[in-house]
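Can you make the complete structure from the sequences, with help from the hints?
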Amino acid sequence: MATAQATRPIKDHPVAVTAVLSLVGYVLVLGTFTGVVDVFPDISDRTVIVLSDAIAVTNTLALTALLVGWRFIRRGEVRKHRAAMLSAFALILLFLVLYLTKVGGGFEKGIVIEQGQFLAAYAGPVRIAYLAMLAIHILLSVVAVPAVIFPVVLGLTHSPAELAETAHARVGRITVAAWSLSLFLGVVTYFMLNHIYSWVPRGEGEVAAGALLLLLAIPAYRRSN
2 MATAQATRPI KDHPVAVTAV LSLVGYVLVL GTFTGVVDVF PDISDRTVIV LSDAIAVTNT
62 LALTALLVGW RFIRRGEVRK HRAAMLSAFA LILLFLVLYL TKVGGGFEKG IVIEQGQFLA
122 AYAGPVRIAY LAMLAIHILL SVVAVPAVIF PVVLGLTHSP AELAETAHAR VGRITVAAWS
182 LSLFLGVVTY FMLNHIYSWV PRGEGEVAAG ALLLLLAIPA YRRSN
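Taking the numbering used here, the leading residue of the sequence shown gets 2, the next gets one more, and so forth.
I should point out that these hints are in silico values taken from the structure, not numbers from a laboratory.
Check each hint, because a few of them may be wrong.
Between beta-carbon pairs, the in silico distance windows are [unchecked claim]:
id, residue 1, residue 2, range
1, G77, L97, 30 to 38 angstroms
2, I44, R75, 38 to 46 angstroms
3, N195, V79, 33 to 41 angstroms
Glycine included, each C-beta is placed from N, C-alpha and C at the ideal position.
Take a look at the structure:
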């Protein structure tokens, strides 16, 4: 009874709780990128590489758990669905810790496509494709924050019968689609950056700026060709 009473405010105001938690996440990430949140110890280049690999593994596991959870609910296996989705959520929290540690204590990477690695005629299109996938990955990651938190809050505070009266299923379907695509593109760009081409350290904020500038880069590239 005490537990139910303690969670009652969260149950009654899931949108407000989602908004607060989302805001905390946004501030933490933006603060780390801009250097305002400076709580991470300096790490070596080797550690940055190891963290990049760990992040890719974490995202792959999160994507797997997400798709498995979707499959479970399609079969009506609610308990297994809940376990899989909470596992995916836990993995994304782990990703956040690893990613902020890498960015806050180390650096981000920028892709380098050398002519020796790829035909010069295809270097431009490949870079555009990489940046496009990176931009979509970043955009979906930002948009998906409240879409991920909201169903989790509902799922943790409502019984299966109560969930049927909420937007859990409707928002959950959108979340699975956006989150899955974001994770998939994140893994693809990781392999391109770390195992197909080369990379150089990037300055703070360059990734976000590059994603935004992509909207101008694609039309400019088309006009020049």
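Tested hints:
1. Between G77 and L97 the CB atoms are about 31 angstroms apart, so this pair conforms to the stated range of 30 to 38 angstroms.
2. Between I44 and R75 the Cβ separation comes to about 42 angstroms, which falls inside the hinted range of 38 to 46 angstroms.
3. Roughly 38 angstroms separates the CB atoms of N195 and V79, a value that falls within the hinted 33 to 41 angstroms.
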